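Q: Please put together the full structure from these sequences, using the hints given.
Here are the chains, one letter per residue:
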Amino acid sequence: MSVDIQLAPVIHFEPGLSTSKPSRGGNLAAGALRAGSLVAFVTILLVFSLTAPYFLSVGNIGNVLGQSAISGVLAIGLTIVLIAGGSNVVTGGIDLSLAANMGLSAAVYATAAQLGYGDATAVAGALLTGLLIGAINAIAVVGAGIVPLLATLAVMNIVAGLELVLTQNTVIPASTPLLTDLSSSGPLGIPALAYVLLVFTLIAAAIVQHTPAGLRLYAVGEFPDAARAAGLPVRRLVAGAFMASGFCGGVAGVLSVSNLSGSTTGSGEMLLPVVVTALLGSVFSRRLVPTVIGTLLSTLFVGFLVNGFQLLNISSVLVSGVQGLLILLVVSATTLLRRQEA
Amino acid sequence: MTLQTSAIEPSVPRALIGVVVDNALVLALVTVFAIFSFATPTFLTIANLQSILVNNFTLLAIAAIAMTSAVSVGGIDLSVGTAIDFASFAFVSLVLAGQPVAIAALAGLGAGAAVGAFNAVLISGIGISPFLATLGTLFIGRSIQQLLTNGGNPVYLPPSGIPETFRFLGRGAIGGIPVPLIITAIIIVAATVILTRARFGRVALAIGIQPSVVRYSGIAARIHVAMAFILAGLIAAVAGLILSATVTVYIPSSGSAFLLNAIGATFIGTTLSRLGRPNIPGTVLGVLLLGIVANGLLLTGLNFYWQQVGTGLLIFAVLALSFITRRKASA
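Taken in order, these protein sequences are the chains called A and B.
Each residue of the first sequence is one higher than the one before, starting from 1 at the first, in the working numbering.
Each residue of the second sequence is one higher than the one before, starting from 1 at the first, in the working numbering.
There could be a bad hint or two in this list.
Within a straight-line C-alpha distance of at most 20 Å, the following computed SDA-like cross-link-like pairs (lysine to any residue) qualify [stated by the list, open to error]: (1) B:Lys328 / A:Arg235; (2) B:Lys328 / A:Val147; (3) B:Lys328 / A:Gly143; (4) B:Lys328 / A:Val142; (5) B:Lys328 / B:Ala317; (6) B:Lys328 / A:Leu45; (7) B:Lys328 / B:Ser273.
Pulled from the structure, derived: some chain A residues nowhere near chain B, Cβ distances all over 12 Å [said to hold, decoys possible]: (8) Val42; (9) Leu50; (10) Arg287.
Think of the hints as simulated: they come from the structure by calculation, not from any bench.
Fair warning: this is a prediction, and the values are worked out from it, not measured in the lab.
Even for Gly, the Cβ is constructed at its ideal location relative to N, Cα and C.
A: Below, the structure written as C-alpha cells:
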C-alpha cells in the first residue's frame, strides 16, 4: 500500500520517524511544549513527593493508577474518535455518549450478575452493550451523516434514559469472582485495576499507533479528502473508530462495577473530565496530536494531581479549577508557540 | 441507471424534497405537535400550551440564544451555564445582603458579561479554540462557585426577605402574560434584529462562514468574535436572573443543566435551516421542539425514565431524517 507514503507530505504520522523534515520552528515549538509539559509533570511529582512523603511510594502510585483506570479507558476510547474525526470539535470527532455508555454497560453487567448469570455472560453483555452503542453512533454519523456532536448527544440521552429504565435510578449491587479479582491487589500490592489500565493502554497503543489501520485513522482524521482520494475506506474507518470507542465504554462499565461493587447512577458526571483528559493528551505527543500514550499520560497527570491534593489535604474543590487552568495554560502555550513559528 | 432516470424526470420528487429540506424544522414541529394533540387529551389546552412556554421554553430559549451568539462566529460556548450561575449568585447574594433589586440585577448581568469577557480574552486575545477556552472556563467556574459557597451549599433567600420586585421578575405577569415570557420575547426580537439587521450580526455570521474573507476585507474580526462571546455571557446572565427569581435560591453549578439542550437546540436550528447557518428563529424552533417533546411525553403518563429515552429517540429521528433528506437533495 503506497497510500501512507502519498499522504506523508501532508502529515507526518510515522510514529517511529521523529523528523521527516518538518519546518524547523514548528518542530522546535512543539518540542518545547512537549518537553515543557513533561517537565511540568515531573515537577508536580517532585513537589508532591517532597511535601507528602507517602506520595512516591509504590503503594500510592499503584493506587493512582488503579483509580485512573476507568477514566483512562474512557479517555482512550474518546482519543480514537478524536484521531479519526479530526481536530475540529464542532464538526469533527467527538463521542458525548461515552460516559452514559459506561453507565448502561455497568448496569447491564450488574443486572446480569444479579440474575445469576456467570461472569462470561455478564461481561459479554456489557461489552456487547458498549459495541451496540458504538454501532448506533457509527450508523448515525457515517450512515445518516449527522454531525458527531449532535448524533452522540442524542444517543447520550437515549442511553442515559435506558440506564435509568434498567436501574430505576438505584444502585444495583453485584459481586462475582471477576469483580473480586478486579478489586483485589496484584503483584507488588498494586491494585489489579492498575494492571488492567496498563495492559489495556498497551494493546490500544499497539493497534492505533502501530498497525496500518491505526495509521489510516490519522490520515482520515487530518485530511479526509486526501484519504478518500488515496482510496482509503474513510466511512468504514470512522465507523470503526466509533465502534472502538463504544467498546471502551463497555470495558469501563465492567471496571466501574468492580470499583463501586455495583452499578451506580450519575455516570454522566464523567463526561466533561474525560473530554478534558483526552484533549489534554495531545500535549504529551510529539506532534501535538491525540495519541493513546499521550492520553494515558494526561490521565495519570490528572490522577496524580488529585491524589497529591488529597495527601496534602488541599480541598478537592480546587481540582476542577486546576484542571481548567491546566487546559487553558497548555492550550495558550500551544497557540502562542504556533503563532511564533508562523 | 437510477441516476439517469432521476436526471430525466427529477422535477416532482426533487421539488418535494426541496420543500421538505427547506422547512424541515417547521415540519418536525408540526408533526410532533399533531402527534401529541391526538395522543393525549390534555396537550392541546390553553393552560398546557402556556405551561410549555413558561416551564419548558423561557430559560432554555435564552440560554440557547446565548449559545447561538457564540456559534454565529463559528465558535461554541460551553460556559453558558457558568454565566447563568455567576449571574444568579451575584443577584441572590446582593439581594440577600439587602441591596436594591435593580442594583443586584445589574451586578448579575455584569457577572455574566465578565464570564463572557474572560472567554473573549482567551479566544480573541490569546487565540485558543472556543471549545477548549470555554471548557476551561466551565471547570474554573465550577471551582470558584464551590469556593464561594463553602463546598457547594445553596444560597437561600428567606421567604420573608424576598422583595416584591424580585418575586415579580420570576412569577409576576403583565396583562396576564408571565414576565419571564415577556423578557424572553424581547430577547428573541432583539437578538434576531442584531443578528440579521445590524452590521455586527452580519459580520459575525460572515466570520462564522469564512473568517479569512472577513480579515481580508479589513474588518477587525477579533473584536467581533470577542463581542459575540461577551454578548453570549450577558444574555445567559438574563436566564440566571430569571432562574433565581423563580426558585428564590442559588444552587452552585445548576446552570450546567441547560448546556447540552442549548447546544442541541442551536445546532438543530442551524443544521435544519435553509442555509445551514446559525439563526435565532431556528434556535427558538429548536427549543420549542425540545420543550414540546418533553411536555408531551410527560402528559402521556409514560414512566419518567422512559421519557428521557423517548426524548432522545425523537430528536435522533428528527436529526436522522433531516440529514438523510438533505443528502438526497444535494445528491
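Q: Does arginine 287 (chain A) really sit off the interface, with its C-beta more than 12 Å from all C-beta atoms of chain B?
A: Non-interface label stands for arginine 287 (chain A): nearest chain B Cβ at 17 Å, farther than 12 Å.
Q: Please settle this one: leucine 50 (chain A) was flagged as non-interface, so is its CB more than 12 Å from every CB on chain B?
A: Holds: least Cβ distance 25 Å, greater than 12 Å.
Q: Compare the distance between the alpha carbons of lysine 328 (chain B) and valine 147 (chain A) with 20 Å, and conclude whether the hinted pair is satisfied.
A: Judged against 20 Å, a Cα distance of about 16 Å means the pair holds.
Q: Keeping to a limit of 20 Å between CA atoms, is the pair of lysine 328 (chain B) and arginine 235 (chain A) held or broken?
A: 18 Å, holds
Q: Please work out if lysine 328 (chain B) and valine 142 (chain A) have their alpha carbons no farther apart than 20 Å.
A: 15 Å, holds
Q: Would the pair lysine 328 (chain B) and leucine 45 (chain A) pass a check requiring their Cα atoms to be no farther apart than 20 Å?
A: The hint is violated at about 56 Å.
Q: Assess, step by step, whether the Cα of lysine 328 (chain B) is no farther than 20 Å from the Cα of glycine 143 (chain A), and give holds or violated.
A: Given that 20 Å is the threshold and the Cα spacing comes to 13 Å, the pair holds.
Q: Measure nothing beyond the straight line between the CA atoms of lysine 328 (chain B) and alanine 317 (chain B); if it is 20 Å or shorter, mark the hint as holding.
A: 16 Å, holds
Q: Far enough from chain B: is every CB of that chain over 12 Å from the CB of valine 42 (chain A)?
A: 23 Å, holds
Q: Given the hint that lysine 328 (chain B) pairs with serine 273 (chain B), test it: the Cα-Cα distance must not exceed 20 Å.
A: Since the Cα atoms of lysine 328 (chain B) and serine 273 (chain B) sit roughly 16 Å apart, the hinted pair holds (cutoff 20 Å).
The structure is inconsistent with hint 6 alone, although it conforms to all the rest.
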